[in-house]
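Per numbering that gives the first Met the number 0, residue 0 is the first one in the sequence shown, and the count goes up by one each step.
For the record, the hints were derived by calculation from the structure and aren't laboratory data.
Idealized CB from N, CA, C, for every residue including glycine.
Certain hints may be false.
[What the hints assert, rightly or not] Estimated spans, in silico, between C-beta atoms of each pair:
no.	residue 1	residue 2	range
1	28	50	29 to 35 Å
2	22	48	30 to 36 Å
3	18	54	27 to 33 Å
4	17	46	42 to 48 Å
5	22	52	43 to 49 Å
6	52	19	47 to 53 Å
7	55	34	27 to 33 Å
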Amino acid sequence: MPKEPSMNSGKQKRKGAKTQPPEWADGLKRLYDSVLDEPLPDSFAQLLDKLDDPSNG
Numbered sequence: 000m001p002k003e004p005s006m007n008s009g010k011q012k013r014k015g016a017k018t019q020p021p022e023w024a025d026g027l028k029r030l031y032d033s034v035l036d037e038p039l040p041d042s043f044a045q046l047l048d049k050l051d052d053p054s055n056g
């Protein structure tokens, strides 16, 4: 019976070796940071104020 090839194609990782992040990781981080920098919409801020108001329930 033929032996299945290994998934790592002969490459073995050393313990503690630094791995490179995928190419798309920098773009995703920039997108996430840009969303965090956006101001809170007024309608959302008003909704949060209503939810924080103890007289509403």
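Hint check results:
no. : hint                 : result
1   : 28 to 50: 29 to 35 Å : 31 Å, holds
2   : 22 to 48: 30 to 36 Å : 42 Å, violated
3   : 18 to 54: 27 to 33 Å : 54 Å, violated
4   : 17 to 46: 42 to 48 Å : 44 Å, holds
5   : 22 to 52: 43 to 49 Å : 47 Å, holds
6   : 52 to 19: 47 to 53 Å : 50 Å, holds
7   : 55 to 34: 27 to 33 Å : 29 Å, holds
The structure is inconsistent with the numbered hints 2, 3, although it conforms to all the rest.
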